[in-house]
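Protein chains in written order, with this note's numbering: chain A, 1 to 320; chain B, 321 to 657; chain C, 658 to 947.
In short, the hints are calculated from the structure, not lab data. No residue lacks a Cβ here, since even glycine has one placed at the ideal position from N, Cα and C. Heads up, a few of these hints could be off.
Distance ranges between label pairs, derived from CB positions [to be verified]:
1) 859/C x 444/B: 42 to 52 Å
2) 106/A x 859/C: 30 to 40 Å
3) 918/C x 60/A: 35 to 45 Å
4) 336/B x 918/C: 31 to 41 Å
5) 105/A x 622/B: 36 to 46 Å
6) 60/A x 787/C: 25 to 35 Å
7) 151/A x 859/C: 32 to 42 Å
8) 132/A x 652/B: 52 to 62 Å
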Amino acid sequence: MSEPVLQVKNLRVYYYVEAGAVKAVDDVSFDLDFGVKMGLVGESGSGKSTMALALMRMIKPPGKIESGQMILDGVDLVGLTEEKMRQTRLRKLAMIPQGAMNALNPVMRIDKQLVDGMLDHSVIMSKEERKARVAELLEMVDLAPKVAMMYPHELSGGMQQRVTVAQSISMEPDVIIADEPTSALDVVIQRQVMETINRLQQKLGLSIILIGHDMGLMAQTVDRLAVMYAGKMMEIGETHSMFRSPLHPYTQLLIESLPVLENKGVFSGIPGITPSLLNPPEGCVFHTRCPKAWDLCREKIPEFAEVQSGRWIACHLHTA
Amino acid sequence: MSTPLLELRNVTKIFGGKTDYTVALDDMTLVLDEYFPKIIAVVGESGSGKTTTGMLLLGFYGPTIGQALFRGCPIPELKGADLFQFRREVQAVFQDPFAVYNPFYKVDNLLSIPIKNFKLAHSKAEARELMEDSLERVGLRPEETLGRYPHQLSGGQRQRIAVARALLLKPKFLITDEPVSMVDASLRSTILKSIRAMNQEFGIPILYITHDLTTAYHISDYIIILYRGSVMEAGNVDSIIRDPNHPYTKLLVSSIPWPDPDLQWGGAEEMIQKSQVAFKAITGCKFAPRCPYRMDICDTKVPQLFRPQDNRVVACYLYRDNEVLSREELSSVFAEA
Amino acid sequence: MQRGQGFRGFLNYIRRNPAFGGGLVLLLLLLLFSTVTTIFIPREGAYPLAVMPRQAPSAEYPFGTDSVGRDLLPTLIYGTQMTLSIGMIAGVIGLGVGTVLGFMTGYFGGLFDTIVKFLVDVLMTIPSFLLLIIIASSVPNPEEMGVVRMGLILSIVAWVQPTRAIRAQVMSMRERAFVMMAKLSGMSGMEIIIKELMPNLMPYLAISLAGAVNGGVLGSLGLQTLGIGNLREPSLGMTIYWLRYYNAFLQGYWWWIVEPVTVIAAIFIAFLLLSIGLDEFANPRTRRTV
Numbered sequence: 001m002s003e004p005v006l007q008v009k010n011l012r013v014y015y016y017v018e019a020g021a022v023k024a025v026d027d028v029s030f031d032l033d034f035g036v037k038m039g040l041v042g043e044s045g046s047g048k049s050t051m052a053l054a055l056m057r058m059i060k061p062p063g064k065i066e067s068g069q070m071i072l073d074g075v076d077l078v079g080l081t082e083e084k085m086r087q088t089r090l091r092k093l094a095m096i097p098q099g100a101m102n103a104l105n106p107v108m109r110i111d112k113q114l115v116d117g118m119l120d121h122s123v124i125m126s127k128e129e130r131k132a133r134v135a136e137l138l139e140m141v142d143l144a145p146k147v148a149m150m151y152p153h154e155l156s157g158g159m160q161q162r163v164t165v166a167q168s169i170s171m172e173p174d175v176i177i178a179d180e181p182t183s184a185l186d187v188v189i190q191r192q193v194m195e196t197i198n199r200l201q202q203k204l205g206l207s208i209i210l211i212g213h214d215m216g217l218m219a220q221t222v223d224r225l226a227v228m229y230a231g232k233m234m235e236i237g238e239t240h241s242m243f244r245s246p247l248h249p250y251t252q253l254l255i256e257s258l259p260v261l262e263n264k265g266v267f268s269g270i271p272g273i274t275p276s277l278l279n280p281p282e283g284c285v286f287h288t289r290c291p292k293a294w295d296l297c298r299e300k301i302p303e304f305a306e307v308q309s310g311r312w313i314a315c316h317l318h319t320a
Numbered sequence: 321m322s323t324p325l326l327e328l329r330n331v332t333k334i335f336g337g338k339t340d341y342t343v344a345l346d347d348m349t350l351v352l353d354e355y356f357p358k359i360i361a362v363v364g365e366s367g368s369g370k371t372t373t374g375m376l377l378l379g380f381y382g383p384t385i386g387q388a389l390f391r392g393c394p395i396p397e398l399k400g401a402d403l404f405q406f407r408r409e410v411q412a413v414f415q416d417p418f419a420v421y422n423p424f425y426k427v428d429n430l431l432s433i434p435i436k437n438f439k440l441a442h443s444k445a446e447a448r449e450l451m452e453d454s455l456e457r458v459g460l461r462p463e464e465t466l467g468r469y470p471h472q473l474s475g476g477q478r479q480r481i482a483v484a485r486a487l488l489l490k491p492k493f494l495i496t497d498e499p500v501s502m503v504d505a506s507l508r509s510t511i512l513k514s515i516r517a518m519n520q521e522f523g524i525p526i527l528y529i530t531h532d533l534t535t536a537y538h539i540s541d542y543i544i545i546l547y548r549g550s551v552m553e554a555g556n557v558d559s560i561i562r563d564p565n566h567p568y569t570k571l572l573v574s575s576i577p578w579p580d581p582d583l584q585w586g587g588a589e590e591m592i593q594k595s596q597v598a599f600k601a602i603t604g605c606k607f608a609p610r611c612p613y614r615m616d617i618c619d620t621k622v623p624q625l626f627r628p629q630d631n632r633v634v635a636c637y638l639y640r641d642n643e644v645l646s647r648e649e650l651s652s653v654f655a656e657a
Numbered sequence: 658m659q660r661g662q663g664f665r666g667f668l669n670y671i672r673r674n675p676a677f678g679g680g681l682v683l684l685l686l687l688l689l690f691s692t693v694t695t696i697f698i699p700r701e702g703a704y705p706l707a708v709m710p711r712q713a714p715s716a717e718y719p720f721g722t723d724s725v726g727r728d729l730l731p732t733l734i735y736g737t738q739m740t741l742s743i744g745m746i747a748g749v750i751g752l753g754v755g756t757v758l759g760f761m762t763g764y765f766g767g768l769f770d771t772i773v774k775f776l777v778d779v780l781m782t783i784p785s786f787l788l789l790i791i792i793a794s795s796v797p798n799p800e801e802m803g804v805v806r807m808g809l810i811l812s813i814v815a816w817v818q819p820t821r822a823i824r825a826q827v828m829s830m831r832e833r834a835f836v837m838m839a840k841l842s843g844m845s846g847m848e849i850i851i852k853e854l855m856p857n858l859m860p861y862l863a864i865s866l867a868g869a870v871n872g873g874v875l876g877s878l879g880l881q882t883l884g885i886g887n888l889r890e891p892s893l894g895m896t897i898y899w900l901r902y903y904n905a906f907l908q909g910y911w912w913w914i915v916e917p918v919t920v921i922a923a924i925f926i927a928f929l930l931l932s933i934g935l936d937e938f939a940n941p942r943t944r945r946t947v
């Protein structure tokens with residue numbers, strides 16, 4: 001097996017507020033192989049959005065990357081200078097943001113916005129080359145050529161999101177981080193945008209990290225699924241087997257609470273509330289809500305280890 | 321037959337000026353009875369008119385054409401004691417768990433103000449008991465929630481308090497507009513359970529407005545599918561989701577991302593649009609420009625409500641060889657049968 | 658809006674918002690200067706022929722004296738008192754009227770709103786200072802005008818800006834979900850205005866007050882410097898009027914010029930800082946959220 005394209009090792013991202021340090025991402029590790037789509041799923045406060053920002057090195061004070069490594073193609077992003085990181089963004093690592101409306105410049109034409117990033121990376125293109133590239137990008141995301149001449153406000157939500165997808169692939173990066181790219185979209189448009197992203201991923205051989213909270217969307221699109229809770233990684237595994245046989249109690253409860261056609265009228269949630277990230281509970285961070293918690297869970301933080309081929313888990317039931 | 325509690329009679333709502341207008345609702349008739357304790361889902365994408373329906377029934381604005389009635393009286397004209405009764409009997413739970421709170425006050429306010437205004441308790445102690453009871457019913461601990469400010473609680477807690485408020489008031493009708501879309505997945509079930517309980521235990525009829533077909537399927541008995549202000553399909557929810565008739569419903573159902581890796585997104589992929597369709601004066605069926613089964617008649621005349629079965633109607637010429645139900649009688653498809 | 662714990666929370670906030678703190682301190686100093694000192698320094702010195710004229714600052718006369726024999730120390734003390742009072746009167750009335758009109762028109766709209774909006778638009782186009790000059794010189798006996806009368810005249814234009822600002826804020830706020838909730842809870846329009854909207858608009862009301870008081874001070878200074886107002890009383894504007902009348906520049910009486918200008922500058926800086934500080938409070942862009 002070749003080296004993974006992205007390796008995150010023991011990453012910690014803390015936010016320093018008056019009351020102390022909020023441990024938004026606490027000792028998280030995972031690998032992403034070439035050409036793999038990985039879903040990063042978690043609820044609010046799980047740390048998934050912070051993870052996205054950390055990967056792009058866009059954490060602003062009072063937050064900072066406390067420790068750990070993020071190795072992309074052999075280079076540790078944590079240690080890079082700002083200038084080197086700037087060169088890495090878009091060229092090797094790109095982001096599809098949530099809410100295209102806020103990501104696109106409202107007073108710039110689409111064609112200019114598509115090549116802007118490339119020009120910023122000192123790519124020299126003649127006027128014809130630029131035009132051709134724009135047409136190529138639009139075609140790849142199933143947008144009509146005339147969109148090049150339009151402004152963001154003239155496009156629908158779904159079309160705007162597809163423009164941001166086109167921007168992200170403009171330099172054919174190795175990894176794309178899609179941060180809830182369809183949360184603002186209706187279910188039909190959502191499917192169209194996700195299928196566009198899927199098609200592109202296959203065609204260009206990219207690796208994708210899809211961040212979100214919609215398990216349904218994950219089931220339909222990703223190869224591997226990583227579940228986060230309260231800043232920690234709970235379980236990672238191949239999507240199919242994660243849904244068929246989730247091992248971590250949190251993953252189990254999460255999947256059980258999902259509505260499917262068969263279980264109409266059955267409502268099950270996870271009792272309790274997410275813990276404070278300022279003062280997380282001792283031991284396993286999920287123990288306060290876990291139906292299978294025992295003494296060790298209250299005392300010792302579980303190790304994150306590979307218990308089956310390709311299945312990683314942080315739970316004393318499996319690693320103690 | 322007594323006067324229905326809430327009614328929309330041939331309501332059309334138009335927003336905007338003379339040239340740049342939007343038809344949010346197009347000739348919609350809906351009759352909601354207080355003695356019909358069912359949950360009706362109003363489902364559609366953005367621009368379908370579902371939120372407009374809710375807003376009209378809550379009296380936050382009036383119809384452009386037609387009437388919105390409360391016990392037979394036009395809602396915009398309600399005054400004094402009648403207006404008060406309207407507010408007492410028709411309540412809502414909104415989408416944003418933060419926006420419904422005035423950041424200046426503690427969350428207790430959300431519960432204590434209606435208790436005071438509607439005289440639901442005779443003493444401070446009684447009021448406190450009512451509040452604690454309703455909070456417990458939605459799975460919250462009063463010691464952890466009362467006395468706090470909105471920013472000190474999580475989104476899930478705030479939304480549960482909003483549901484507790486509705487429980488406390490026991491209205492004659494509850495309108496919920498996307499009550500769980502801004503809430504974490506693990507909490508959705510809990511909140512939906514509380515809403516369902518209001519219906520089953522207290523017999524409160526509920527209008528569940530959402531774009532999420534999944535939750536609509538799970539909580540409701542009946543469903544109305546809206547597209548650009550018009551009813552596409554309506555009737556029994558099981559029947560419609562498992563076996564959709566209208567091409568639009570089919571598209572919606574096939575786009576649901578079921579959390580089951582084996583249930584892949586089904587067919588209908590050819591409906592990807594490469595161009596924007598004009599929103600303006602469309603004669604005929606609103607869905608025609610996107611419909612794979614489009615016929616000539618679809619472009620010229622708005623389809624009527626055809627009734628292939630007793631408990632459902634579909635506004636599509638594909639089903640024209642069936643009995644026709646007039647728009648005004650849409651609600652009869654929600655009968656007990 | 659966040660609520661700190663009482664006084665300590667307040668001090669904490671000042672630390673984070675130096676503009677607000679600075680403005681507050683400066684204003685406090687000015688108030689102390691114009692009030693506490695009056696216990697020791699009588700008013701008589703602020704009038705002509707009270708003391709030796711044309712004296713530079715010395716031990717006997719720390720602020721020096723002017724051409725007609727006013728001791729400039731009491732002149733400035735009582736002058737600041739007068740100017741601030743005029744500003745306060747104009748500001749408070751302006752804010753009061755602005756609040757009532759702003760809330761009523763912003764929330765209820767209708768014919769009343771149309772009328773008020775028209776009035777506001779008209780008054781905004783007319784140069785307010787010109788209007789003030791005309792009104793102030795038309796009243797009977799302008800040279801005997803007291804602080805209250807001057808304040809009232811200035812309030813005629815002071816209500817316009819607060820009305821506009823508050824109306825705009827109310828119009829955007831009335832669509833918010835918590836207002837919808839309040840309606841569903843049986844609250845009447847007036848109840849909603851007073852209990853729901855007003856508390857949330859406190860920062861804007863404070864900003865409007867600071868602006869209105871500042872405007873009142875500016876307006877009164879303008880009128881007095883031109884000689885419209887009470888010629889006998891030692892208001893700051895009048896002091897400027899007299900120093901020009903007696904050619905303080907050419908005569909080299911630098912102290913007569915520097916002192917009132919410094920005090921006036923201090924007043925404006927204080928209000929400027931307060932506005933900046935209140936603006937940060939009302940629009941916390943830099944508030945870090947987790």
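Hints, verified against the model:
1. Between residue 859/C and residue 444/B, the C-beta spacing of about 27 Å breaks the proposed range 42 to 52 Å.
2. Look at residue 106/A against residue 859/C: about 33 Å separates their beta carbons, and that is inside 30 to 40 Å.
3. Separation of residue 918/C from residue 60/A is about 44 Å and conforms to the stated range, judged on CB atoms against 35 to 45 Å.
4. Between residue 336/B and residue 918/C, the C-beta spacing of about 55 Å breaks the proposed range 31 to 41 Å.
5. A C-beta distance of roughly 41 Å is found between residue 105/A and residue 622/B, which places it inside the suggested range of 36 to 46 Å.
6. At roughly 50 Å, the beta-carbon separation of residue 60/A and residue 787/C lies outside the given 25 to 35 Å, and the hint is violated.
7. Hint check: residue 151/A to residue 859/C, Cβ distance near 39 Å, so the stated range 32 to 42 Å holds.
8. The hint said 52 to 62 Å for the Cβ distance between residue 132/A and residue 652/B, and at roughly 60 Å that hint holds.
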